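Engineer: Each chain, letter by letter, is given below.
2 protein chains.
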Amino acid sequence: MNAEIIAVGSELLTPQRLDTNSLYLTERLNALGVEVVAKAVIGDDRARLRDAVRAALARSEIVILTGGLGPTEDDVTREAVAEALGRPLVWRQELADAIEARFRRMGRKMAEINKRQAYLIEGAEALSNDQGTAPGQWIEAGPGHYLMLLPGPPVELKSVFERECLARLERVVPPLAIRTRVFRVAGMPESDLDQLISPVYKRYKNPATTILAAPGDIQIHLRARAETAEQAEALLAELAPQIEALLGDNIYSRNGEPLEGAVGALLVARGATLAVAESCTGGMLAERITSVAGSSRYFVGGLLVYNDEMKEKLLGISAELLAGHTAVSQPVAEAMAARVRQRTGATFGLSVTGYAGPEGGDAEHPVGTVYIGLAAPEGTSARPFRFLGDRERVRRLATQSALDLLRRHLAR
Amino acid sequence: MNAEIIAVGSELLTPQRLDTNSLYLTERLNALGVEVVAKAVIGDDRARLRDAVRAALARSEIVILTGGLGPTEDDVTREAVAEALGRPLVWRQELADAIEARFRRMGRKMAEINKRQAYLIEGAEALSNDQGTAPGQWIEAGPGHYLMLLPGPPVELKSVFERECLARLERVVPPLAIRTRVFRVAGMPESDLDQLISPVYKRYKNPATTILAAPGDIQIHLRARAETAEQAEALLAELAPQIEALLGDNIYSRNGEPLEGAVGALLVARGATLAVAESCTGGMLAERITSVAGSSRYFVGGLLVYNDEMKEKLLGISAELLAGHTAVSQPVAEAMAARVRQRTGATFGLSVTGYAGPEGGDAEHPVGTVYIGLAAPEGTSARPFRFLGDRERVRRLATQSALDLLRRHLAR
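Note that the protein sequences, when read in sequence, are chains A and B. The opening position of the first sequence corresponds to residue 1 in my numbering, with each subsequent residue numbered one higher. The opening position of the second sequence corresponds to residue 1 in my numbering, with each subsequent residue numbered one higher.
Calculated directly from the structure, the hints in this document are not laboratory data. Be aware that one or more of the hints could be misleading.
The list makes no distinction among identical chains, and a pair is therefore deemed to hold if it is satisfied within one copy or across any two copies.
Stated by the list, open to error - Straight-line C-alpha distance at most 27 Å; calculated DSSO-like pairs for lysine-lysine:
id, residue 1, residue 2
1, K158, K115
2, K202, K115
3, K313, K205
Bear in mind the structure is a predicted one, so any value in this text is a computation, not a measurement.
Pulled out of the complex, with its shape left as it was, chain A reads as follows (with noise of 0.2 Å):
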């Protein structure tokens, strides 16, 4: 079966807003083996909401809109529907006792706009929305045909979806069983992880294979559609091992954790503690580390070395050494891992050191240079990194590429 989305509200249409909710429709609708073939965004425009509507229908068996159920007289989506099916609105008084005595609990009294939210569309069963005061609907359009109409603040959207249509979709939707898998990757160019596992993955239609791809960062989907859980399992059991084969330790997550979250698993197992010194980075990587719930039990603190004075300061990094190999440079990572984890007393000490621009840096050691230092009890070292890349994308991948070569210490 296909589905489409409209969102519905003109504020969807300047250039800071944009439409969040199909995300998680989309992840739903998915799963019930529905596709999702288009969506749209309307404005607050009531004759264009009808026709984008009597399109929609014309095209998809589920049409759903998001918001514009409101009790203003920007809120169209009501009108616009009922004149796209032409049908008429009716008053529903047990709908505006609802929103009365909702706000009543608030100890507030509902103003006389607010009735505009007990209509629904003639035929239409209401969905409860325990949110906020704007109802949903359910409609059936014609045979096979089914529209919602849902409130368009998230939690709302979210509450009413799941308590009132997934059940109602479940009866109408042919059953289908989908099954996904997520790898998580640090370490490789998309490119390259490309090249090596397209010809595999190409080889299949379903499991389906979707690459997502961050700085640093790539995430591969497999989703499996069958008729039986057990069917989908086996298609990801024939693509999902040869992926994994070609990857190797290149993966670092098997169930969508971060890799601040993969790195804080192998400590916990390992029952060791993390410390860090950060001069370019300035906090992003404990930052990221700290992301994840329960860090404490693993992450103790650092030291945010910012100038060269500081590196003194704070940790003691002699200023022989940084005249003479400069702030940026192996022996200097080094330094800074090893006091970081001596001062501390962590069993891991992590720094980095490096040029994130826009400024700074030199024909040997230009902007995107970044060392970043492992301090262990096995010893410590340091790695040349050169990232390219505004600022922001130089920090995040310097953090990513730290918090990757401590997983592959710990992975060891």
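With chain A held as given, fit chain B onto it using these hints.
Structural biologist: Chain B alone, transformed into the frame defined by chain A:
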């Protein structure tokens, strides 16, 4: 004039991807006085795309398609638009030569398949692409109706649009001057802000006011449209000062700059330096400060003290103080700020200690309790905060409040 944007590509219909090109295009079109009245995403489906193009051209004067201009069978934009217009595709030898030359420069041979990119729709002008192989196309679809085919990768799209489309659009779009003003506000809940300023801005349709709220950070966009720049400025000059008067020093930026940039500018103006001591934010505060290019002029570094032991070891906070008050307390926040200022010799020391969750805290100090300390030449103080939300949100709000505390101190 009205515009519609159609993004082409099945990958944009997955739960992982959004069409972000439309935001850039909307900003550019709005600046020319063109309204975007609808956006759509269509998969790699020729018939569906043909119908979408026809419908959009019937409604709007400008239609921009992004993506689907690559060399493979999946790239259906050229064929779909040709069908929609009822025009043939025409082979253009000079385009084939240019594509071949591009491959040669990269030391590669053009694949046979790339020849698909040398076809133009009859009557189209080729739009040169200096960032990729796919040329764009500019088509006068009928009197006063214009169609643009642009490549999907953002870097290619922007280059083609700016070098090739802007000047052509300026020739066909009636001149309209647009001036904008942006205020950024910290330290106020969105509902309070809206209650305060909506009676004022709701009186004006032009400038149009848009409010964008992120946790602890609100942007107010005013956009005036007029025949001349002077008239647009005059419209802004009527509304903007009223909003400024109501918001006072809650406004931290008048040029769109983020809070960390505004604080940096104040530090530079004062010739002052800053160091941080972070517990629950684990580096996020320093990361934000150092995300600003040139922050090494005022940021010296900091100490990440993620547990009590580190607060003792790295900052010299006494075990008695920690035992007597716990790490999440006003005295410890003050001590952290004072000690990091002393250790580093910075003009200001800023500290954060709290319970970011999901674990930690107690009945009196639940998750979301955060103390922020500021050590200045004039003395040291700390303030309690209580934030609602998940770990990421609490950490974000804590850094925002810390930066805002320093900003208000510096602006005094």
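Engineer: Indicate, hint by hint, whether the structure satisfies it.
Structural biologist: Going down the list of hints, with the structure as the test:
1. In this homomeric assembly, K158 and K115 come within 27 Å of each other (Cα to Cα) only inside a single copy, at 23 Å, whereas the closest approach across copies is 46 Å.
2. In the homo-oligomer, the alpha carbons of K202 and K115 lie at most 27 Å apart only across protomers (23 Å), although the nearest pairing inside one protomer, at 55 Å, exceeds that limit.
3. For the identical chains of this complex, K313 and K205 are neighbours neither inside a copy (59 Å) nor across copies (58 Å), given an alpha-carbon limit of 27 Å.
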